[in-house]
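All chains should be built: construct the whole structure from the sequences, respecting the hints.
Protein chains in written order, with this note's numbering: chain A, 7 to 157; chain B, 196 to 393.
Watch out, some of these pointers could steer you wrong.
Stated by the list, open to error - Below, computed lysine-lysine pairings styled on DSS-like, alpha-carbon distance capped at 30 Å:
id	chain 1	residue 1	chain 2	residue 2
1	B	K303	B	K336
2	B	K320	B	K249
3	A	K92	B	K379
4	B	K393	A	K152
5	A	K137	B	K360
6	A	K109	A	K143
7	A	K54	B	K277
8	A	K154	A	K143
9	B	K277	A	K143
10	B	K387	A	K152
11	B	K303	A	K48
12	B	K393	A	K154
13	A	K48	A	K108
14	A	K92	B	K387
15	A	K137	A	K54
16	A	K54	B	K295
17	A	K152	B	K249
18	A	K154	B	K320
19	B	K295	A	K92
20	B	K320	A	K109
21	A	K143	B	K393
22	A	K48	A	K12
23	A	K143	B	K320
Said to hold, decoys possible - Not everything, but these chain A residues come out facing chain B in the computed CB check (under 8 Å):
id	residue
24	S75
25	Q78
26	L82
27	K134
Keep in mind the hints are simulated off the structure, nothing from the lab. Just so we're clear, the structure is a prediction, and the values are computed from it rather than from any experiment. Backbone N, C-alpha and C fix where the C-beta goes; we use that ideal spot for every residue, glycine too.
Spelled out from the first residue to the last, the chains are:
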Amino acid sequence: MIKVLKISIGVFIVALVGIQFFPIQRNESSKPPGTGFIELYKPTPAVKNILANSCLDCHSNQTKYPWYSHVQPVGLLLQYHIEQGKSELNLSEFGDYSDRMKKDKLRSMISQIEDEEMPLPSYLLIHKEAKLTVNNKEVLLEFLTKLKSTF
Amino acid sequence: MKRVILFSTLFAFTLAACNSKSSNQSNSEHEHAEGHDHSSMPSKSMKNESSAQKSNNTTVILDAYLSIKNALVKDDQGAARKAGAALAASIDNFDISSFKASEQQELKDILEVAKEHREHISNSKIDHQREHFEALSKDIKDLVTIAGADRTLYQQYCPMYDGNKGGMWLSASDEVMNPLFGSKMPKCGSVKETISMK
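Now the structure itself:
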């Protein structure tokens, strides 16, 4: 019994070490020209900051990775989250959406922020700085609501 | 603090709504006094009528859409998911090639957004299903405007949805059965527009 336990712990450690040799594909592509949300709609520095702190890690092509993203399987988990996030909303490629889609993405953003479903609570556990303060929320929602009304 | 802001916003909105109402009223009284034609003036209390082309193009999509609606009326998350899958299939099978070039792009955009909504409807809890159903309803209405329908549709509206922002949906019957609240408030809403097919 003890032998089995020892072997399984051994296998686990080997696997954990082994997995470190497979780094994740990093979501840090150089900026595509002209399709980014920030370039298109030129938000105020305050809004820009909020987006950078709370949204862009998972909803753009430029993730700011924490050091532990180099440790697996944490990095893999991050990669999965980023893929999911980008498939729902990619602010780096916002300009590629149709106007109808843009309006709907804005609707979704507003509703998710209002209901405090975004940023994801699980993300906030390790990124306390990404939490939207009452003021952040107000500033961001005002900007998004105004923008939505232009579509 | 949040509450205070919420309530004060609500209060402000209420005030704004009251204001605009009273100014509308005084406007219409004013125009009336000057003897303008009353019949051409849109009235909020009157139901709007509109028409679209009679067509079978959208039958399968409407069937799926209305199944989602009926499932949400009954608070049936599982049935809504299934109907969402049917909607995806009906969108994939929709042929835009017979439409004018100018309409094709619009149709493509509508169907693309509708497909995203249905993905959420097929993969979410019921509140989120309802949110996407409400948004989907506007796209389905735009679809019908371009591509027509095989049945009369009733655009219904419940002003209480989403913290009193209001929400709309389409129904094949003029009787109100609310899919946005379900059993919590089955009768909230009224017919805002009757879209008949010609």
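Right, here's what the structure says about each hint:
1. B:K303 / B:K336: 14 Å, holds
2. B:K320 / B:K249: 35 Å, violated
3. A:K92 / B:K379: Given that 30 Å is the threshold and the Cα spacing comes to 35 Å, the pair is violated.
4. B:K393 / A:K152: Between B:K393 and A:K152 the Cα gap is close to 38 Å, so the pair fails against 30 Å, i.e. violated.
5. A:K137 / B:K360: At roughly 25 Å apart (the allowed maximum being 30 Å), B:K360 and A:K137 satisfy the hint.
6. A:K109 / A:K143: 19 Å, holds
7. A:K54 / B:K277: 40 Å, violated
8. A:K154 / A:K143: 16 Å, holds
9. B:K277 / A:K143: Violated, at roughly 35 Å.
10. B:K387 / A:K152: 26 Å, holds
11. B:K303 / A:K48: Judged against 30 Å, a Cα distance of about 28 Å means the pair holds.
12. B:K393 / A:K154: 34 Å, violated
13. A:K48 / A:K108: 16 Å, holds
14. A:K92 / B:K387: It is violated: about 37 Å lies between the C-alpha atoms, which goes past 30 Å.
15. A:K137 / A:K54: At roughly 15 Å apart (the allowed maximum being 30 Å), A:K54 and A:K137 satisfy the hint.
16. A:K54 / B:K295: 41 Å, violated
17. A:K152 / B:K249: 37 Å, violated
18. A:K154 / B:K320: 26 Å, holds
19. B:K295 / A:K92: 33 Å, violated
20. B:K320 / A:K109: 23 Å, holds
21. A:K143 / B:K393: 47 Å, violated
22. A:K48 / A:K12: 59 Å, violated
23. A:K143 / B:K320: 24 Å, holds
24. S75: At about 27 Å, which exceeds the 8 Å cut-off, the nearest Cβ of chain B leaves the hint on A:S75 violated.
25. Q78: 28 Å, violated
26. L82: A:L82 check fails; min Cβ-Cβ to chain B is 22 Å, beyond 8 Å.
27. K134: 19 Å, violated
The structure fails to meet hints 2, 3, 4, 7, 9, 12, 14, 16, 17, 19, 21, 22, 24, 25, 26 and 27 from the earlier list, while all remaining hints are met.
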